[in-house]
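2 protein chains.
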Amino acid sequence: MSVTYPAGFTASGVTAGFKPSGLPDLGLLVGAPGTVAAGLFTSNRVSAAPVRLSRVRLAAAGPRAVVVNSGQANAATGSAGDADALTSTAFVSLAMGLDPDDLLQCSTGVIGEPLHLDLFEDGAAKLVASLGPRGGDAFARSIMTTDTVDKQAQADAPDEGFRVGGCAKGVGMIAPDLATMLAFVTTDAVVPARDLHRIAQEQLASRFNALTVDGCTSTNDSVLLFASGAAGGAPVAPGSAAWVHLSEAVAKVGESLLRQLAADAEGGTHVLIVEVTGTGADQDARVIAKAVAGSPLVKTAVFGGDPNPGRVLQAVGASGIPVDPDRLDVWFGETQLAAGGIIAPDYFTGGEVAETARSHMHDPDVHIRVRVGDGRGKSRALGCDLSYDYVRINGEYTT
Amino acid sequence: MSVTYPAGFTASGVTAGFKPSGLPDLGLLVGAPGTVAAGLFTSNRVSAAPVRLSRVRLAAAGPRAVVVNSGQANAATGSAGDADALTSTAFVSLAMGLDPDDLLQCSTGVIGEPLHLDLFEDGAAKLVASLGPRGGDAFARSIMTTDTVDKQAQADAPDEGFRVGGCAKGVGMIAPDLATMLAFVTTDAVVPARDLHRIAQEQLASRFNALTVDGCTSTNDSVLLFASGAAGGAPVAPGSAAWVHLSEAVAKVGESLLRQLAADAEGGTHVLIVEVTGTGADQDARVIAKAVAGSPLVKTAVFGGDPNPGRVLQAVGASGIPVDPDRLDVWFGETQLAAGGIIAPDYFTGGEVAETARSHMHDPDVHIRVRVGDGRGKSRALGCDLSYDYVRINGEYTT
Numbered sequence: 001m002s003v004t005y006p007a008g009f010t011a012s013g014v015t016a017g018f019k020p021s022g023l024p025d026l027g028l029l030v031g032a033p034g035t036v037a038a039g040l041f042t043s044n045r046v047s048a049a050p051v052r053l054s055r056v057r058l059a060a061a062g063p064r065a066v067v068v069n070s071g072q073a074n075a076a077t078g079s080a081g082d083a084d085a086l087t088s089t090a091f092v093s094l095a096m097g098l099d100p101d102d103l104l105q106c107s108t109g110v111i112g113e114p115l116h117l118d119l120f121e122d123g124a125a126k127l128v129a130s131l132g133p134r135g136g137d138a139f140a141r142s143i144m145t146t147d148t149v150d151k152q153a154q155a156d157a158p159d160e161g162f163r164v165g166g167c168a169k170g171v172g173m174i175a176p177d178l179a180t181m182l183a184f185v186t187t188d189a190v191v192p193a194r195d196l197h198r199i200a201q202e203q204l205a206s207r208f209n210a211l212t213v214d215g216c217t218s219t220n221d222s223v224l225l226f227a228s229g230a231a232g233g234a235p236v237a238p239g240s241a242a243w244v245h246l247s248e249a250v251a252k253v254g255e256s257l258l259r260q261l262a263a264d265a266e267g268g269t270h271v272l273i274v275e276v277t278g279t280g281a282d283q284d285a286r287v288i289a290k291a292v293a294g295s296p297l298v299k300t301a302v303f304g305g306d307p308n309p310g311r312v313l314q315a316v317g318a319s320g321i322p323v324d325p326d327r328l329d330v331w332f333g334e335t336q337l338a339a340g341g342i343i344a345p346d347y348f349t350g351g352e353v354a355e356t357a358r359s360h361m362h363d364p365d366v367h368i369r370v371r372v373g374d375g376r377g378k379s380r381a382l383g384c385d386l387s388y389d390y391v392r393i394n395g396e397y398t399t
Numbered sequence: 001m002s003v004t005y006p007a008g009f010t011a012s013g014v015t016a017g018f019k020p021s022g023l024p025d026l027g028l029l030v031g032a033p034g035t036v037a038a039g040l041f042t043s044n045r046v047s048a049a050p051v052r053l054s055r056v057r058l059a060a061a062g063p064r065a066v067v068v069n070s071g072q073a074n075a076a077t078g079s080a081g082d083a084d085a086l087t088s089t090a091f092v093s094l095a096m097g098l099d100p101d102d103l104l105q106c107s108t109g110v111i112g113e114p115l116h117l118d119l120f121e122d123g124a125a126k127l128v129a130s131l132g133p134r135g136g137d138a139f140a141r142s143i144m145t146t147d148t149v150d151k152q153a154q155a156d157a158p159d160e161g162f163r164v165g166g167c168a169k170g171v172g173m174i175a176p177d178l179a180t181m182l183a184f185v186t187t188d189a190v191v192p193a194r195d196l197h198r199i200a201q202e203q204l205a206s207r208f209n210a211l212t213v214d215g216c217t218s219t220n221d222s223v224l225l226f227a228s229g230a231a232g233g234a235p236v237a238p239g240s241a242a243w244v245h246l247s248e249a250v251a252k253v254g255e256s257l258l259r260q261l262a263a264d265a266e267g268g269t270h271v272l273i274v275e276v277t278g279t280g281a282d283q284d285a286r287v288i289a290k291a292v293a294g295s296p297l298v299k300t301a302v303f304g305g306d307p308n309p310g311r312v313l314q315a316v317g318a319s320g321i322p323v324d325p326d327r328l329d330v331w332f333g334e335t336q337l338a339a340g341g342i343i344a345p346d347y348f349t350g351g352e353v354a355e356t357a358r359s360h361m362h363d364p365d366v367h368i369r370v371r372v373g374d375g376r377g378k379s380r381a382l383g384c385d386l387s388y389d390y391v392r393i394n395g396e397y398t399t
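Residue numbers (the working numbering), protein chains in the order written: chain R, 1 to 399; chain H, 1 to 399.
Honestly, the hints are just simulated from the structure, not real lab data. What you are looking at is a predicted structure, and each value in this text was computed from that prediction instead of being measured. Ideal placement from N, C-alpha and C gives every residue a C-beta, glycine not left out. Warning: the hint list may mix true and false statements.
[As the list claims (entries may be wrong)] Chain H is faced by these chain R residues, among others (derived, beta-carbon under 8 Å): (1) Ala7; (2) Leu40; (3) Asn44; (4) Arg45; (5) Ala76; (6) Thr77; (7) Gly112; (8) Phe303; (9) Gly304; (10) Val316; (11) Ala318; (12) Pro322; (13) Val323; (14) Asp326; (15) Leu386; (16) Val391.
Isolated chain R, as found in the complex (with noise of 0.2 Å):
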């Protein structure tokens, strides 16, 4: 069910044409009236037109649907581009009666390709036809594109009656040439877009920006949280238990999704989560944590089964951030690998201590944690490991 889980949202998802193997690559959800959104857009300077789109009507009016095509990215297709994003969206509105201002879109597939606007104009009917709110699983299915599995997920809060659903996709920045990781979340909770927005920002931005898989930020990624509102009752005011509810239960959706993510990650076997601790602020923590989980010698002794304190000392030591190297300890899973910049003699001699951590390796997840000193800084990345599949994924079926 996932982003129809929550009232007052209807979703559907069909086949247009935009993939050659025929699977679904249309996808629609719409929020009641009165529903109000909130977006997080892609940092990267090469954006998309669906992405500007997105952010001028976002900032404009009180958009309450999106529409996501997989298949064609419609980036680096410049003003030409601009114009195809308004015209498909302008087919689908048209379709279903709603101002054009209050339909969002994404889209994600191969870049620099012009998007197929036929295909818009032909699916749009059938699109419209099949919404309905139970329409999360076709909506969530129609957004993949090498993904292997969909990714969804809901939470509640009990106490207050109301429903976060939310799914998402993405592998990679691109596979082949397939971009974009895309998140909906949505809920029933009655909430001004500017709080919404502001619940966005606090428990979403951060979660998703902790992920990566290979250290490339696609032109397209969007997460969008849209609030219907149907589960009636007055707005969620910020501080209240209800506020402090919802961003819980927006969280656990954003938590599940990210991980669901990180699982299903181009060539990925293991997911691996990276916490450091000690730094001043948690931006410097962050970067170092990504640094770590962005590694390519970290990713491959994930791969490789290998709990590697001297590749995670050197990760660290690169990121930017000034750190003491005589203050460094490093762990895999339970067991300490690195203290105060040294690696624990055990590690080469392959004792008990070694044989631990060796054993973690084996697990689904693979924790590392560092810490860097006394500092109340801390964060978190979540991305997976190096294989033979990521390259091939990406290197061998473009042509």
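Knowing the structure of chain R, use the given hints to seat chain H on it.
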């Protein structure tokens, strides 16, 4: 000959026992009395003990020799590592009757393992006894770890009668845990230490900093430049014709070593050369060039023979440098595949333009050029593609 090509240098390389393979693993390069040195070292905060020792000795005295062991990095070894660096160099300087402060040290190999001092003690006499004016080849081979070939270069400044030679090693940050890029350049020109440092900065720093195999800055990276003065004559003065010729010869040797390093990069099947023009400052161009050359998606595309302009645009946009996405031009070889941020339609339809670019991908050197505007800033990065072998070398053979 390489490092012993200029007059005033002797070198040697012997098997001391650091490498299980029994291949040469201890090298010594000595300049005649009066030789001056300049050094460039890793920016990694986790620097190795030999790097710290060499930094101190370069700042304090006038070192004229360097001992190199391959097989152990003496990094992440704490203050015991510093003591071991002192002791190990003392064995060598004692054996050759050299002031300890005159001897620099480089180490490359496994991170974290305590240095085998006995191997220095046992090997020092043989190492010193082997010193000779034709020892450059033996030295160049003794510093190799997973390098498949030794890297040597030489150049002349015939007008002034002086020579420049050099050798280097390094194929990735670590494999399996064998770290480090090392380069040694020698000349017999007469150059005061301060001016020599300037030449190292001007001709070697930016060149070696442009190299990225996997974006992983080693704990032990070092580039050393020695001038013996054995060619005689007046000191080479900044701004003189001799200065220009010396700079050119050092640049030529540096460039050759750089290309040899990129060509032998771990798992690399192509050298990747990324040129960026049109930024305001050179530094911005450098960041963009390294972002493109370091992008796993660009690297796998090069491995797959795909001249993929979308992945290049993605990497440029994500580099953190502000660029106008509508001004981005991209060439593969001589073929323009993106203009004004828009990808050439031919890339998708497989027309003649795309075929020309695709055939360039079979060349040993793949050239990617990016123009981001009208600024005068420009820079370059050298790297390699990302292949199965990189994953194999760094993933499988660690345990």
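Taking the hints in turn, this is what the structure says about them:
no.: 1; hint: Ala7; in the structure: 38 Å, violated
no.: 2; hint: Leu40; in the structure: 16 Å, violated
no.: 3; hint: Asn44; in the structure: 4 Å, holds
no.: 4; hint: Arg45; in the structure: 4 Å, holds
no.: 5; hint: Ala76; in the structure: 5 Å, holds
no.: 6; hint: Thr77; in the structure: 6 Å, holds
no.: 7; hint: Gly112; in the structure: 3 Å, holds
no.: 8; hint: Phe303; in the structure: 4 Å, holds
no.: 9; hint: Gly304; in the structure: 4 Å, holds
no.: 10; hint: Val316; in the structure: 7 Å, holds
no.: 11; hint: Ala318; in the structure: 4 Å, holds
no.: 12; hint: Pro322; in the structure: 7 Å, holds
no.: 13; hint: Val323; in the structure: 5 Å, holds
no.: 14; hint: Asp326; in the structure: 7 Å, holds
no.: 15; hint: Leu386; in the structure: 6 Å, holds
no.: 16; hint: Val391; in the structure: 5 Å, holds
The structure shown violates the earlier hints numbered 1, 2.
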